[in-house]
Amino acid sequence: MPLKTTFSEKLFNFCNYFLFVLVGLTTLLPFLNLIAKSFSSEAAVISGKVNLLPVGFQTGTYMYVLKDAMFLNSLKNSIILAIVGTALGLFLTTITAYPLSRVQLRGRKWFLLMFIFTMLFSGGLIPTYLLMHNLGLVNQFPVLFLPAAINVFNMLIIKNYFEGLPDSLEESAKLDGASNIRILFSIILPLSLPVMATIALFFAVAFWNDFFTAMIYITNHDIKPMQLFLKELLVSSSSEFLKDNVDAALNTTPQSIQAASILLATLPILLVYPFLQKYFVKGVLVGSVKG
Amino acid sequence: MKKGSWLAIVIALALTLTACGGGNGEKPGSGEKPSENGGEGGAKPNLTMLMQYSLFDPNADPVAKNIEDVTGYKITYEMLPAENGDEKLNLMVANNQNFDVMKLGAAQFYKLATAGALEPLDELIDSLGPNIKAAIKEDSWKSATIDGKIYAIPETGSGVSVGEELVVRQDWMDELNLKHPTTPDELYEVLKAIKAAKNVVPLTGTKDSIYGDIAAAFGVLNEWNDVDGTLVHKAELPQMKEFLSYMNKLYSEGLLDSEMPLNTAAKAIEKFSSGNAAMFKLAWWSASPAEAALKKNFPEAEIGIIPYLVGKDGKSSVGVNLATTWYIAVPKVSKLKEDAIKLIDSKLQKENFIKLAIGEEGVHHEVKDGKYYPILPKFNDDLANASSYMTGVNEHDYPTYWQARVRKDPVLQRYYEAFQENAAKGNIVIDPMSIAPPIEAVSKNKQKLTKLLDDAALMFIAGQPIGEYDAFLAQWKAEGGAEAVQQANDWYKSISK
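Order-wise, the sequence lines are chains W and V.
When we follow my numbering, the leftmost residue of the first sequence carries the number 1, and every step to the right adds one.
When we follow my numbering, the leftmost residue of the second sequence carries the number 1, and every step to the right adds one.
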């Protein structure tokens, strides 16, 4: 690193910071606005007075949302979905990735091609729906995570990571008499925590944020996940939905309560990031192979 | 093979049901216990009902429990999703998913009925639906009749009622010594005066509600209008051009909100309640939060309701559509069609219906001077979602009962009643298509044509030369408008003979 920074470098840095702060703000400000709205009085929200700070501070919205049986139930569903879906997805994706990462697997190229094919082409919505229906999965909770349990993109990332691990590790374990499964779980996986953490986060966020699957397959209120509930909360207050439907218009949800619901639904997944953060930075591989 | 055996089961089931249902002449709503039904029919079967989307859990709501208590039927409810409901419905029907009762919108009903997915109900209603027949008016049945057969029980809404009217900041009007305008020309002067004095948006509006007050003053009343015995769509009315030119004048002089083509209803309320707009068309169902927000920001503010503007004929007119909102159908796949009709019949029985619509007197509602008032909070706790469960309404009583919903909030009630009263001072013109049966070209193209017209109307208001309207109209006609007008008139001639 040079001791002195030239003017052009300074200018470059300044522009960089400026741009990134700008980009950062575009994602941060709507969020702050939402927080402010959720703590503001409905009158202030309706008349568009709320920017980044609450106007007419109140917490009644949160009391209301936290007592709402539909909100709590969908929150429970989403938490279960994120945990079960991530665990299952990680397990299935890993045991798929491991054999495919070994060059000695026969027909490896062909298998890989088949997997990648599904990444590029799919049967389309209606055939998929019919399949789920014939499998008896429509309106069943597992439909939310089973079809998405193996994600080819995530599988390829794990596979590539596995391929990067030195072959000598596996060889030495083999010489000690370890089976393939033992090698995967005792040698490979402990070395793969960073990629596992990353993929776990990918899965968790994907399951948490997915409303489309639920929208297509789920009509039973008991098993609706959070995002679908939020979607419905917003749609049922939109003017398009309320047009010509006076009875629905009489029962709309105030905007401040909508904001509080969205915020409460985002918090849990936000809390996951700090715990996984350390795995992203850790260099696990250091010192595992000597010489 | 498989189909055959199912058919046999259905027939057998139907036979046993008619066999045991025929003799004892049971009163709907009386038989809660299986023993009362007698015979081997035994307990009332569980039914499944498909509802339209609404934000609550239909199986956990008190109304569901109430319906079970009143009719004796245990019902499992399923809702269409909030978005893409039509697609989901098609998927479910294509899959033969079982429902016994379906509450459908007009387009959904027409599609399923013509696709042969719905059961014709004439005979079932004749034999099992005395209360249904008593509750529904002759005109309404027409809306659910296709090729001479009834495919659904029509559910109309709350009767003749108008939803929107122009409101203004009365405190500003008083300050500027302005009187309520009565004609479009006076409205123009008032808006000009407000603009000069207050430097706010004189009139705001939304992309969703282009017509109404002002359009009505020009004679653009309903979607369909009777002009000397012929049905004319509003797009074809020569008055449409006058209305659009007038709106364009307001727009180009800055009297109409330049963001109107983008505004949602919430945005218009925002502008009005934050003191950035002086006038807009308020829907009575949003009156309560809008007034509260305005008063919070400006405690001295007053809202004045501008009487419906008078047209060239010197009278004010308001257009009202009384079309059937929902269609209660029984799909062919149902194995419990008779029970489905019995359930609907029981729900429409006079005492049952009032209980399901507005609850019990003294508990959920009270009657003062022949008007129904809700008792809060019990009414909201138990009946907030009652409308979603309705399967047809008693058309003679419901418009009166329903007003209890409006009276659960004094502000709401005030605006609702003021709007109705103002409308009653002029002509209330009912859309002649309200009683039409589903007409193919009309139903099929309705969404597309409405969007086409609304988009164009906004363009003309925002400055597209009105001379191009005829070219637009030709396009509108070519894209299905002409066909719709033709078929609508074929029907209209057939009833006016």
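In case anyone wonders, no lab produced these hints; they're calculated from the structure.
Just so you know, not all the hints are guaranteed correct.
Claimed, not checked - The list that follows gives simulated cross-link-like pairs (lysine to aspartate or glutamate, EDC-like), each with its CA atoms no further than 20 angstroms apart: (1) K142(V) x E123(V); (2) K295(V) x E123(V); (3) K267(V) x E170(W); (4) K67(W) x D174(V).
To be verified - Calculated Cβ distances over 10 angstroms to all of chain W for the following chain V residues: (5) A60; (6) L91; (7) K335; (8) R405.
Stated by the list, open to error - Some chain V residues well away from chain W (every beta-carbon gap over 12 angstroms; in silico): (9) E68; (10) E83; (11) E189; (12) S258; (13) A268; (14) S288; (15) E291; (16) A292; (17) N385; (18) D490.
A quick note: this is a predicted structure, and the numbers were derived from the prediction, not measured.
Where is the CB? At the ideal position from N, CA and C, for every residue including glycine.
Evaluated hints:
1. The hinted pair formed by K142(V) and E123(V) meets the criterion: a straight-line CA distance of about 16 angstroms does not exceed 20 angstroms.
2. Distance hint between K295(V) and E123(V) is unfulfilled; the C-alpha atoms sit about 57 angstroms from each other, more than 20 angstroms.
3. As the CA atoms of K267(V) and E170(W) are separated by approximately 64 angstroms, the hinted pair breaks the 20 angstroms bound.
4. A threshold of 20 angstroms between alpha carbons decides the hint, and for K67(W) with D174(V) the separation of about 45 angstroms lies outside it, so the pair is violated.
5. Look at A60(V): its CB is around 7 angstroms from the nearest CB on chain W, not clear of 10 angstroms, so calling it non-interface is violated.
6. A beta-carbon of chain W comes within 10 angstroms of the beta-carbon of L91(V); the shortest separation is about 6 angstroms.
7. No Cβ of chain W approaches the Cβ of K335(V) within 10 angstroms, the least distance being about 19 angstroms, so the stated non-interface status holds.
8. For R405(V), the condition that its CB be more than 10 angstroms from all CB atoms of chain W is violated, with the nearest at approximately 6 angstroms.
9. No beta-carbon of chain W comes within 12 angstroms of the beta-carbon of E68(V); the shortest separation is about 17 angstroms.
10. A Cβ of chain W approaches the Cβ of E83(V) within 12 angstroms, the least distance being about 6 angstroms, so the stated non-interface status is violated.
11. With a minimum CB-CB distance of about 28 angstroms to chain W, E189(V) clears the 12 angstroms threshold, and the non-interface call stands.
12. Every beta carbon of chain W lies more than 12 angstroms from that of S258(V), the smallest distance being close to 17 angstroms; the non-interface claim holds.
13. With a closest Cβ-Cβ approach of about 10 angstroms to chain W, A268(V) is found to fall inside the 12 angstroms limit, against its non-interface label.
14. A cut-off of 12 angstroms between C-beta atoms contradicts the statement that S288(V) is not in contact with chain W; the least separation is 10 angstroms.
15. The beta carbon of E291(V) sits about 10 angstroms from the closest Cβ of chain W, which is not more than 12 angstroms, so the claim that it is off the interface is violated.
16. The beta carbon of A292(V) is not kept farther than 12 angstroms from every beta carbon of chain W, the shortest such distance being approximately 5 angstroms.
17. For N385(V), the requirement that its beta carbon stay farther than 12 angstroms from each beta carbon of chain W is not met, with the minimum near 7 angstroms.
18. At roughly 26 angstroms, the least C-beta separation between D490(V) and chain W is larger than 12 angstroms, which holds for a residue marked as non-interface.
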